[in-house]
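*Asks:* In case you want the letters, here they are:
Number of protein chains: 2
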Amino acid sequence: MSKSSDPPVVLLHRPASLNFMDELLTRNFQIVKTHTSSDPIPNSLSSQAALARGFVNIGLLPVTEELLSKLPSLQIIVLTSVGVDHIDLAACKRRGVVVTNAGDAFSEDVADTAVGLLISVLRRIPAADRYVRSGNWVDSGDFILGSKVSGKRVGIVGLGSIGSHVARRLEPFGCIISYHSRSQKPDTTFRYYPDILSLAAENEVLVLCCSLTDKTRHIVNREVMESLGKDGVIINVGRGGLIDEKEMVKCLVQGVIGGAGLDVFEKEPVVPEELIGLDNIVLSPHSAMATAGSLNNVGEVAFANLKAFFSNQPLISPVQLD
Amino acid sequence: MSKSSDPPVVLLHRPASLNFMDELLTRNFQIVKTHTSSDPIPNSLSSQAALARGFVNIGLLPVTEELLSKLPSLQIIVLTSVGVDHIDLAACKRRGVVVTNAGDAFSEDVADTAVGLLISVLRRIPAADRYVRSGNWVDSGDFILGSKVSGKRVGIVGLGSIGSHVARRLEPFGCIISYHSRSQKPDTTFRYYPDILSLAAENEVLVLCCSLTDKTRHIVNREVMESLGKDGVIINVGRGGLIDEKEMVKCLVQGVIGGAGLDVFEKEPVVPEELIGLDNIVLSPHSAMATAGSLNNVGEVAFANLKAFFSNQPLISPVQLD
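For the protein sequence lines, the chains are P and A, in the order given. According to our numbering, numbering within the first sequence proceeds without interruption in unit steps and concludes at 329. According to our numbering, numbering within the second sequence proceeds without interruption in unit steps and concludes at 329.
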């Protein structure tokens with residue numbers, strides 16, 4: 008049994024390669040590590056897990072009612088993601104478990120990736136790279152003709168921390184920014200669209216930066232894509248589930264929209280096979296936030312949340328549970 | 008023989024795919040088209056070419072003393088490039104031939120590509136795209152870890168129209184901008200470095216935006232790359248000859264520098280074979296300016312220069328011949 012003066016027991020679940028918090032956590036808590044299987048609580052760990060008051064969940068492992076039932080001492084879940092769609096927040100609330108996320112730790116890097124994907128799709132950078140590497144430049148001597156970034160009308164879906172960073176970065180490109188979100192933001196002069204359909208109709212690029220909720224699931228459906236039109240481009244750095252992926256694949260193949268830059272997918276790491284051969288898209292393995300600097304940031308935020316919780320201080324980046 | 012009231016004879020040389028000026032030129036001048044061979048004046052054209060008062064040179068065909076000698080009536084060369092390193096300007100001056108270039112028509116698109124290449128190299132966007140398409144994401148499930156764009160110290164070589172657009176675009180990323188150019192610019196607060204070696208030493212990224220001249224040839228040599236260092240990245244949207252390409256290949260292979268985003272090469276379209284397999288570089292087939300919008304812009308500028316010349320009006324974008 009642990010004594011009350013002992014450091015709290017904290018369960019740590021993480022992908023094999025993401026060891027950036029190991030040392031800091033081990034120095035400050037009694038860490039119980041899961042294996043990096045899809046089941047975070049193997050039988051061998053059950054007795055220790057039952058003592059865990061904290062749970063650091065690095066990555067996107069779903070936290071279900073069932074998992075929570077194996078963690079009867081749990082008081083706080085510390086996430087290293089911004090999105091919380093993999094967490095049963097209602098169940099957490101019922102059990103009195105608080106949840107923290109990455110806060111703004113990733114915002115800049117995700118915004119950088121969004122802009123990078125946008126330029127990459129419009130100016131066909133990975134296609135150009137393939138063209139040169141394959142030797143086609145020497146053989147055909149032709150150009151890779153892209154679409155202008157300057158002056159593009161860009162509609163941002165979700166003008167939170169990430170969306171605002173994207174907007175700020177695109178302004179000096181001469182892009183014309185507008186946005187859709189739950190409510191109009193008082194502190195911006197960008198044009199607001201109360202519905203995504205008209206945002207899509209009046210813009211040439213959509214950048215998805217919102218969180219995935221029951222209300223935003225498949226917010227980009229066939230109708231939105233038809234409205235965006237054949238030269239339209241979708242950039243998704245939010246969650247795969249924001250787009251009806253099956254319809255998007257059809258729209259890309261049929262030329263209903265012009266292209267896409269996708270960091271997220273509905274069934275990661277599985278990417279629809281039809282996308283693999285398409286030249287008008289850029290694919291990225293949910294790495295919009297993945298820089299060494301960002302992992303340091305998020306490690307600090309996650310640790311600060313744990314520290315704060317166990318010393319009865321205000322949390323750094325609490326998630327609203329209702 | 009042509010009468011003096013006839014529209015002037017204009018020689019047109021262009022790559023097969025770049026027909027964006029054909030119609031406009033044909034409507035306004037007596038156009039003599041070369042074939043798109045490397046020799047712009049086949050024997051069959053010689054008699055007509057001898058009458059040409061204008062020469063629209065789309066692409067990068069070298070204009071040598073020898074070529075000029077076949078064009079005894081020539082008064083103006085209209086280029087669609089910004090760079091003029093393929094033109095023997097001294098020979099033009101001796102013969103009283105004026106030269107115009109693309110002016111600022113390409114600046115925004117080239118700057119967009121420079122920023123796109125910078126994000127693509129640091130955040131490894133084409134590498135990520137290859138990773139997903141190859142199925143490796145499913146197999147290894149690992150991250151593609153990039154280097155942060157936000158906060159990077161970026162040194163711009165050549166703060167003209169393109170360089171200034173690059174600087175303006177990178178500022179909201181939180182990049183710290185400084186520059187090297189022939190002389191300090193009075194209208195900017197960016198830090199100025201009178202020599203490129205110290206610019207390289209104190210920055211993490213070099214963006215080459217200057218023109219290729221006798222003074223800038225191989226301005227990025229081994230010493231500069233050593234000074235930039237093992238995490239340093241070079242972006243080149245200027246001309247291939249700005250870099251000692253042979254040394255750059257060694258530096259990339261040996262890890263003397265960290266990566267590169269290259270739109271231009273010393274012997275285009277030939278790219279050094281050693282580069283093809285490298286994962287830390289992004290290659291592009293001299294297409295930084297290649298958008299439909301840009302070609303329209305440059306077509307307008309080129310046509311306006313011709314029109315102005317033959318109506319004794321001031322040229323839009325004359326090239327200094329000394």
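Fair warning: there could be bad hints in the mix.
A pair holds if it fits inside one copy or across any two, identical chains being indistinguishable in the list.
[What the hints assert, rightly or not] With a straight-line Cα cutoff of 20 Å, these simulated SDA-like cross-link-like pairs (lysine to any residue) come out:
#1 Lys155 - Ser24
#2 Lys253 - Gly66
#3 Lys222 - Ser154
#4 Lys159 - Ala299
#5 Lys253 - Thr223
#6 Lys40 - Ser51
#7 Lys40 - Ala23
#8 Lys274 - Gln37
#9 Lys40 - Leu322
Hints were generated in silico from the structure; no laboratory data involved.
*Asks:* Confirm or reject each hint.
*Replies:* Here is what the structure says about each hint:
1. Proximity of Lys155 and Ser24 under a CA criterion of 20 Å is satisfied inter-copy only: 19 Å between copies versus 38 Å inside one chain copy.
2. For the homomeric pair Lys253 and Gly66, neither the shortest alpha-carbon distance inside one copy (25 Å) nor that between copies (43 Å) is at most 20 Å.
3. Taking the closest pair of Cα atoms, Lys222 and Ser154 never come within 20 Å of each other, the shortest separation being 33 Å inside a single copy and 34 Å across copies.
4. For the identical chains of this complex, Lys159 and Ala299 are inter-copy neighbours only, at 13 Å across copies versus 31 Å inside a copy, given an alpha-carbon limit of 20 Å.
5. For a Cα distance limit of 20 Å, the shortest separation of Lys253 from Thr223 inside one copy, 16 Å, qualifies, whereas the shortest one across copies, 52 Å, does not.
6. For the identical chains of this complex, Lys40 and Ser51 are intra-copy neighbours only, at 11 Å inside a copy versus 80 Å across copies, given an alpha-carbon limit of 20 Å.
7. Taking the shortest alpha-carbon separations for Lys40 and Ala23, only the intra-copy value of 11 Å comes in at or below 20 Å, while the best inter-copy value is 63 Å.
8. In the homo-oligomer, the alpha carbons of Lys274 and Gln37 never lie at most 20 Å apart, since the shortest distance is 34 Å inside one protomer and 61 Å across protomers.
9. For the homomeric pair Lys40 and Leu322, neither the shortest alpha-carbon distance inside one copy (24 Å) nor that between copies (72 Å) is at most 20 Å.
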